[in-house]
Amino acid sequence: SLEQSCSLVPVQRRLHSCQQCTYTTHNKSHMTRHLRIHIGERPFRCHMCPAAFTQDSQLVDHKRTHTGERPFSCVHCNASFSRKYVLGVHMRTHTGERPYSCVRCNASFSRKDALNDHMRTHTGDRPFPCVHCNASFSRKSCFINHIRTHTGERPFSCVHCNASFLQKCNLMRHIRTHTRQHPFSCVPCEASFVQKKGLVRHILTHQRPFSCFQCSASFVMETDLVAHMRIHTDERPFSCDHCNAFFKQKKNLLRHMRRHT
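For the sequence shown, my numbering puts the final residue at 245, and the numbers step up evenly by one.
Simulated from the structure, these hints should not be mistaken for laboratory data. Do not rely on the hints blindly, as some may be mistaken.
[What the hints assert, rightly or not] Across the chosen pairs, the derived CB separations fall in these ranges: (1) 188 with 64: 23 to 33 Å; (2) 193 with 3: 46 to 56 Å; (3) 224 with 88: 44 to 54 Å; (4) 109 with 225: 38 to 48 Å; (5) 20 with 107: 20 to 30 Å.
These figures come from a predicted structure and were not determined experimentally. Backbone N, C-alpha and C fix where the C-beta goes; we use that ideal spot for every residue, glycine too.
Whole structure, please, built from the sequences with the hints as guidance.
Structure below.
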């Protein structure tokens, strides 16, 4: 029948291309949403703080930073998240899945946006230009953070005090100072930390990965090895501005400087 034959004809969908970057889409509403990034339009506003967003879904996610709601829970551990997408990414830490692979090297990623960011290290593409200055960025997140330095926007607000932040990660770190939450735990011992970098630094205390090739000494931190090597080389890179004294360590120079003051 005519109806059946028409249903077999492929629909030619128009490809919409952004005039300011390489973004393309067949969906007109997606293009409209994308263009707000370039023109700075943020029609979806939070009624609890000055934050505004290009998408309604972003506003919904943002509101959970005020309410503390984390409706998406991991079935493998106690982690919970304010966004479903973040839960999906988290699940890959349990499965080890890295479905997004680079066609130019062996790198693979758990998130598509991480692959897109990585690909720009090969192409040198910086598709996110600032409308306020000459800066341009390869990553959308860096671009958004930069824009806030012009607008003064600090969309992530603490529900416990008046603090507000440019980035969500900084808000989450700050909130732990109120809740005393220590989510980063050491497996060999019972130590736990507010920040991941604190755990990384602590784990090194169980190891001494930085070894001197001239003696049997080994160190937790690379900076300690560098300072130790000066014992062998007699290098004294820290010099006093007031006299001819030189020192192997900066702390010794500072101690010496007090004599002049």
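Going through the hints against the structure:
1. Between residue 188 and residue 64 the CB atoms are about 30 Å apart, so this pair conforms to the stated range of 23 to 33 Å.
2. Separation of residue 193 from residue 3 is about 50 Å and conforms to the stated range, judged on CB atoms against 46 to 56 Å.
3. Hint check: residue 224 to residue 88, Cβ distance near 51 Å, so the stated range 44 to 54 Å holds.
4. Here the CB-CB span from residue 109 to residue 225 is close to 46 Å, well matched to the stated 38 to 48 Å.
5. A beta carbon spacing of about 25 Å between residue 20 and residue 107 agrees with the range 20 to 30 Å that was offered as a hint.
Hint compliance for this structure: every hint is met.
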